[in-house]
Amino acid sequence: MKYLTDYSNIFTRYDLNIEVARQAARKVSKDELLQKVADSVVRGDDEESAKLTKEALQKKSPMDVINEGLIPGMNEVSRLWDEGVYFLPQVILASDAMNAGIALCEEAMGKAMDKKGKVVTHTAEGDIHDIGQVIVNALLNANGFEVINLGADVPVDKVVEACRVNNPVMVTGTALMTTTMTAFPKIASQLKRLGLNIPFVCGGGAVSEEYVTSFELGIWGKEANQAPGMAEDALSGDNWQAMRGKWNG
Amino acid sequence: MLGKERVMKIFNHEKPDRMPCFCVNGTPTYEQMEKVGAFWPEGHERAEDMAKLAIAAYTVLGFDAVRAPFCQTFEAEALGCKVKLGGKENIPGIDHPTLYKLDDIPVLPDDFLKRGRIPQLIEAVRIMKREVGDKVAVIGGIIGPFTIAGAMLDAVPILKASFKTPDKLRPFLDVAEKAGTMLGQALVDAGADMIAVEDMQASPDLIAPHTYRDLELEYQKKQVEALSVPVILHICGNVDKIIGFMHETGCAGISLEPKSDTKLARKIVGTNVALIGGVDAATTLFMKGPDDVKDASREQIEMGLDVLAPGCAIAPGTPTANLLAMVEVAKEYTYL
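Going down the list, the protein sequences come from chains L and W.
The working numbering numbers the first residue of the first sequence as 192 and each following residue consecutively.
The working numbering numbers the first residue of the second sequence as -4 and each following residue consecutively.
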């Protein structure tokens, strides 16, 4: 159960008081130093988080620094984003700060940390309007997924190949135009042919639910900020049919 | 009453015979292209084709204003960004590699107005003015400072800098504002009655509202003041958190997507600013039928619009019937 620990934001008009954006994290760790690590992530300060992570590693195990400092800090950022207090730049900077710390912890462990899972993201072939994908990448990164970012104007074969090599829990496609979204069913059918039943979330501009749910594997993404929730579902083992049932229709 | 008079009355704070209907953003559709015999990509790069496609908004759809261009890349291209035109069906966009890094010093070329496709755009506005300028309003489109700066630097670097090193963005915003204003004034000289500023990247979907207030507002204000005609400001997404600041730019009209709260906008901007918007360009105009378009239009008008319009650029696959349905609704709202 969640308890209310801070009353200061109740009935705060964020539209009038937008400077609330620079607030500190709630208390997420009993350890003072790890709390500072978390705070540096919430502030999106990658130099500070690297410095504090190094300090923390003198006394704590790398996994403790990750699990009790860096990740709880990022969870705070997710909360602030969900509540409309934080905006996209803060999410991007915070995930840079978290990743700077995680890289040092991995170095100390001598091996890579297990990420939640991989997600392949791309913007459709012929389409270079990738701002939607930029948002999706930022939010997935922030939520601990390893993003295989293929960028914009990506040929069908390259998306399929990236899925084959990386075996992601989910693949996403964004397209501004109805003329470029025609690449999506081609990708889906090639994935099927290879036996890769990866949930394929498609969205952006003129991409409609009706279109995306007309081909196998397809799940329609209405807003970029649905991406982390969808990736969590895919990670927990939901297949594309279950995800479509939950997120579409 | 002619469309032009109808539109100008709105900006002079007088009552027209009925609600005007036009689009602040790009208007071409594949169906209009067939009807007027002008197509993409020529419509993005040749004055005659561009003018023909723009004028179709009047001759085919019956809008009260015509508008060029149909993409957001003219200034960026003239500043040196690489542009991908997109062929027959797609809208041009900015390609990689990105022109500048954050520590570079951006340059506004002396011959800016002669570069890229800008001379064709200016000529297109001249043709539009000559052909239909006495019947409908002519709108010249420019891009807002933050969005041009975004094209120069790429999205992720500019978003990060907006928090980490906002002052490093100032030289870019300065060049971007000057580029847009210079193009805007050239379009006014060519005959544009109004200027529409599209500033997609200044949306709270991308930047924080205080970044808009502390960084972008000053440049937009400068731009609005410098242009000698009414300016309509269009920012995508939900702009509830910045609508008051948009009002502070001094613009004559604000173009809203239905994602924003039209009632709130009306409350905040009062009656001095024309509110333009109504129908979601993707989920309603493009994907639904005429009846849904009519319902959505009426619902938004009731919230306090002055001009009925698509909330963003018209998707090129949009059926003409849906656009005509929108115009029909505007005709229902008479003031006489």
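Among the hints, a few may not be true.
Between beta-carbon pairs, the in silico distance windows are [to be verified]:
1) L:G301 <-> W:K159: 23 to 33 Å
2) W:L259 <-> L:D255: 41 to 51 Å
3) W:K216 <-> L:K245: 38 to 48 Å
4) L:G301 <-> W:R165: 43 to 53 Å
5) W:R165 <-> L:G420: 19 to 29 Å
If you want the footprint, here are the derived chain L segments under chain W, 3+ residues with CB under 8 Å [said to hold, decoys possible]:
6) 218 to 226
7) 253 to 267
8) 290 to 296
9) 369 to 375
It should be emphasised that the hints constitute simulated quantities derived from the structure, not laboratory data.
Just so you know, even glycine gets a beta-carbon here, dropped at the ideal spot from N, CA and C.
Here's how the hints hold up against the structure:
1. L:G301 <-> W:K159: 23 to 33 Å: 31 Å, holds
2. W:L259 <-> L:D255: 41 to 51 Å: 46 Å, holds
3. W:K216 <-> L:K245: 38 to 48 Å: 45 Å, holds
4. L:G301 <-> W:R165: 43 to 53 Å: 44 Å, holds
5. W:R165 <-> L:G420: 19 to 29 Å: Violated: the Cβ-Cβ distance is about 38 Å, outside 19 to 29 Å.
6. 218 to 226: Result for this restraint: violated, n = 0.
7. 253 to 267: With 0 residues close enough to chain W, the hint is violated.
8. 290 to 296: violated (count 0)
9. 369 to 375: holds (count 3)
Violated hints for the displayed structure, listed by number in ascending order: 5, 6, 7, 8.
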